[in-house]
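One letter stands for each residue in the lines below.
Number of protein chains: 2
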Amino acid sequence: MNASIRSASIARMLRPRSIAVVGASTDFTKVNGRPIKHLLGKGFAGRILPVNPKYEKIGDLVCYPDAASLPDGVDLAIVAVPAGQVLEHVRALALRGVGAAVVFSSGFSEMGAEGKALEDAMVQAARETGMPVCGPNCLGFINAFENVYATFSQYADGETGAGPVAFVTQSGAFGTAIAALARQRGLGLGYFINTGNQSDLTFAELMTAVIEDPRIRVAAGYLEGLEDGDALIALARRCQELGKPLVLTKVGRKASGARAAASHTGSLAVEDTVFDAVIRQYGVLRARNEEQMLDMLEALANPRPALGNGLGIATQSGGAGVMMADRAEEVGLAVPVLTPAIQQRLAAVMPAFGAAGNPVDVTGQFVARPELLRESVVALMDDPNIHVAIVWLQLMTAHVDLLVGIFREIRERTTKPFFVCWVAAPDEALRRLRAEGIVVYTAGERAVEAAAALAQYHRSRSRLALSAPAVPMPRPPEGFMPGPQPTVEATAWLREAGVPMAPVALARTAAEAVAHWRQAGGPVALKIESPDILHKTDIGGVLLNADDETAVREGFASLMRRADHACPQARLDGVIVQPMTSGHVELVVGVKRDPVFGMIVMVGLGGVLVEVLKDVAFRRAPFDETEAAGMLAELRMSALLDGVRGKPAVDRKAISAMLAALSRWAAGMAPVLAELDLNPVLVGNDRPVAVDCVMVLQDAATAQAQPAQS
Amino acid sequence: MNASIRSASIARMLRPRSIAVVGASTDFTKVNGRPIKHLLGKGFAGRILPVNPKYEKIGDLVCYPDAASLPDGVDLAIVAVPAGQVLEHVRALALRGVGAAVVFSSGFSEMGAEGKALEDAMVQAARETGMPVCGPNCLGFINAFENVYATFSQYADGETGAGPVAFVTQSGAFGTAIAALARQRGLGLGYFINTGNQSDLTFAELMTAVIEDPRIRVAAGYLEGLEDGDALIALARRCQELGKPLVLTKVGRKASGARAAASHTGSLAVEDTVFDAVIRQYGVLRARNEEQMLDMLEALANPRPALGNGLGIATQSGGAGVMMADRAEEVGLAVPVLTPAIQQRLAAVMPAFGAAGNPVDVTGQFVARPELLRESVVALMDDPNIHVAIVWLQLMTAHVDLLVGIFREIRERTTKPFFVCWVAAPDEALRRLRAEGIVVYTAGERAVEAAAALAQYHRSRSRLALSAPAVPMPRPPEGFMPGPQPTVEATAWLREAGVPMAPVALARTAAEAVAHWRQAGGPVALKIESPDILHKTDIGGVLLNADDETAVREGFASLMRRADHACPQARLDGVIVQPMTSGHVELVVGVKRDPVFGMIVMVGLGGVLVEVLKDVAFRRAPFDETEAAGMLAELRMSALLDGVRGKPAVDRKAISAMLAALSRWAAGMAPVLAELDLNPVLVGNDRPVAVDCVMVLQDAATAQAQPAQS
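Protein sequences, first through last, are from chains A and B.
The first sequence begins at 10 in my numbering and counts up by one.
The second sequence begins at 10 in my numbering and counts up by one.
Don't read these hints as lab results, they were simulated from the structure.
Mixed in with the good hints, there may be bad ones.
[What the hints assert, rightly or not] Where chain A lies over chain B, by a calculated footprint (3+ residues, C-beta under 8 Å): (1) 205 to 218; (2) 234 to 242; (3) 325 to 331; (4) 619 to 629; (5) 635 to 644.
All C-beta atoms, glycine included, are put in the ideal place defined by N, C-alpha and C.
With the hints as extra help, turn the sequences into a complete structure.
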């Protein structure tokens, strides 16, 4: 379907002026009665059209016997009938020209193959007239701005004031809980959407629709799985363009599907690690659980950006200050020493027994002298190295008025973001501060993590604005044979793409090997070359440091013999002759095809480190040198690149350039690249050089069903 | 003072029958009025004796003009006067024979040297009659069992029902906040004690006193610093004996005092790492912040122990189940597959659409069919591999009655611990479950962490019960010279103590070196020997693989020359001759003298790993082989010991035996050992061998002020 027609249909679904309820009940406590109760009770201004042959009226509403008898131009139908009846109703709604359907019913693909077939048939019926379907097996959605309550979620039972947060969740039960927690914190959800089985409308599609709403400032998503990586990336990019943060929580950190796979030690990359790396690459913030998500949303819904990572802390407890400063370091914030001018201002207001550093300990004396707190926090925030501040206090049940007044004044006299962290706060304090639009937390470490998210969001904005990924990508070669590629050709392609490769030459005979050694003018490595032998060392297929005619000649014969012995069926193309390369740092570099995100470039420190520590970093191709430098910085053993134990530092820029070049090449090769391993890549005083290369291509048809690179 | 007299004085202070309030005010909102208000209002049954020359009476209470006029036998005096007047009052109280004093006043050591002098004088005055002092600069304490409110903490303003938790805090403000949070959760604090400056009574002393109270089941402490490691360890041991868990939160994770020190890359061990390792060694649970502390306390205050680390999870959301299972793996819990018998029981009660694995997804259908939830949770907990269970649900505002009933029945039908995790719970649900004694959390990951703490506590109990550390320790040698010890003697001491050392012989001349080489019967290493050169490699003081007479002779000369050139002042004893040792795993092992905990043994993987990753583990000496094996398991690169890249596994038991032997030796040497480095220790197919040894002793007088080993 035409994309703009589809997005218009989704927009119409989200802001309907008429809603049919198929299978409507007169019992408003039931799944099929609750939407009507909410639509009526919460002031939906459009038409509500119950559909049920059993009733003539439900309350004051005319009830229609079936979809066919509905009037023209119904924007949305809620389907709340048993699974077995859904197909006929959806077909009838589509034929009647209804704009969209949201299907509550469960009993579809979540139940296995039979349910999946029923679900497919339903989607097929809807697609015949282009009617989008949300669900099945979902709680529906809320557009709180227009009082659209197409849902039976328990969340709708309480106050559901509109606000700047759009929340889209795959899970109904957990999503409802998160929405309710958001309400407890006074965070207004403009949209609440449960996508359920996502038979037609997906998480990314619905989120993309709601973030366009100018009343939405922050997007939050809860995911349990992901199929369409490209759509998620497009969503992330659109969020960046709009300047609206996207926060995601995704369960399944330990493994993709089968949890048992997590203990499989053979694979270096757990899929979640890739997910994590890729979403961060595109500026998405990840929250590890529902509490952290809400903490981040509170910070991000606040309109003041943190233009750097300097955290100012004011407390009435030295210990709380130390705890927060420690956490700040752990999550990438700085707790800068204040400038002399600011220190002087603080000294002027602070009593003798308070500390004037950062954290600033204002002590409990501010109850008697409010200016203590007010002036020191304002001074702290005036420091040019402070970009976000946290004020920590506790209890103060008797002083809520005073404190709300102080914080209001601080807000008026500053432009940077600040959070109040009020431990064991009276409920009234939380309510009143939130009513003032002042962000408030109830635990110090959580406030710090939220400040870090705010700073991280700004960093990702600047980084993505700077990076210009529009580079020409190489095209896959024509007429290649699927499978492992000959080393000489693979090396040439990569070298042409800007990836530094050690020279290689194929010797079909011992005499050719000797000739290549002479040309190399120094010691060479000999490696068996066969499309059937990918792990050469396993069969003794590599000889190092051959440096005279006899060694080369005998080496050639020996490798051919070993290979023939180990793999009698293998086609042996000969032996690769390669000048010996040196380097004191060993990297592994590779490209893998991720089923969700496509071409993923990996870099790690080689040898035992990659095996034992799994010290690797990932990015989706293509990316630029800055992003590549970020990969290196992420490695836990990154310091090895800077020289330890008397070894010189290596050139990080040269490695970054190599990774970026490789990523462009990989993106261009996405239609056909199955796998690439450069292991090891040696780095000495000069630029890095890939010493070994295994490249496997597949034909484009195999790759077709898999994600393209964009 | 006699220890039993002192502990009797502390016990009297904590359960006084008469309390004087020095500096008492008629204004009950003031620091010096609030204790009287609380004592009167909360039903303290003993006598209250205000002391203030300005008043004849405060309320109905007779007011005394000064300490001297107090009646005999006053158990406790609260001192709430300006700092400058504290000394005279404390002296008068001590002379009057008052049992103990708690000093609220600030303006002492927290203000610098002058305040410190005042504080010392005050303690001196009190000690003359053996009157213990709590504070100064503290909020005082509460014994909620006997309604003793010797405090002006805001915490006392609300409900302060007694309960099984004893909470001792160094920080007043943060401690008050934590106490208030405990109240919010319905956790009763039997004792709340703020130790303030700890001029006399310390954290460990007061905690040791309150854990003896049979009404206390769990001890919780908040620390900002620590001076007396031995006292903390004695406390931890006593808690183990009593079977009462001790949970500590200590701020300052990043560095001991000066935060700047954290960036000092030279030191391998940050003091907090040692603190963390040592308290765990003695079975103390560490909570990273106040929220985790309270989460742990809720679990530990429950009388049911978790006799293993198998977690059962029942949810109404698959996603929440995955999130909790992931977290469980991260924190050391297993989420076992259920036995066939239990799976059958579950299948019998579960509807077709629920999953019968672990996590068990009971779906939301239990509202209609309560037996679904009840029977499946009971079945889950009957599984022999499940030791603690979590039931996750959300909102259910309309079904609190039903659910409380279900959980009550589950509790009655099971004996293992289980937690309810109720996200966005109605307040009523939390209150009623807690009233039933059912542990309830409001976030899944936090419930899992609490379950892990429960399991960890049981593990530490079993481990400490098994380990028998009563071993004979070597005694320090007589008549040694302080400073670096000669290699031959140091090696002999360690070998005698059971630490495997490579053979060493000192050559004073080239001829002796040659003789030693001949005796070794193979290649040798030559190392310069001088008490003034500890880092031999830095001056080229080590030659490897000398294996003929010329090499040995020239090597000797060359080392002597180099040393003389690099360090003209150094005393050169000659050259150590040592047979070359091989091994494919390199360890660093050492002993350092920690200012708080005394002799700390360290082990790490050598080479770049210890430098870049800081991959080291610590334990306080002495310890047994099991504890040593735990150190090895803790190393992040631990898998290297099991053989990677075709290398054979090394003998972990032999390494553990070496560490345990070293720890016993170190404990015996505590009076004089300054530092020991065994770097490297090489491990091959045989047992480990220390190849290099730097041992520095100090005279006992220097060490005297430092902690002894117990």
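The hints, checked one at a time:
With a threshold of 8 Å between beta carbons, the proposed coverage of the stretch 205 to 218 of chain B by chain A is violated, since 0 of its residues qualify and at least three are required. By the rule of at least three residues with a Cβ nearer than 8 Å to a Cβ of chain A, the coverage given for the stretch 234 to 242 of chain B is violated, with 0 such residues. Coverage of the stretch 325 to 331 of chain B by chain A holds. Counting CB-CB distances below 8 Å, 6 residues qualify, and the rule asks for three or more. For the stretch 619 to 629 of chain B, the proposed coverage by chain A is satisfied: 3 residues have a C-beta within less than 8 Å of a C-beta in that chain, meeting the threshold of three.
Residues of the stretch 635 to 644 of chain B lying with their CB closer than 8 Å to a CB of chain A number 0, which falls below the three-residue condition for coverage.
In terms of the numbered hints stated before, the structure departs from hints 1, 2, 5, listed from lowest to highest.
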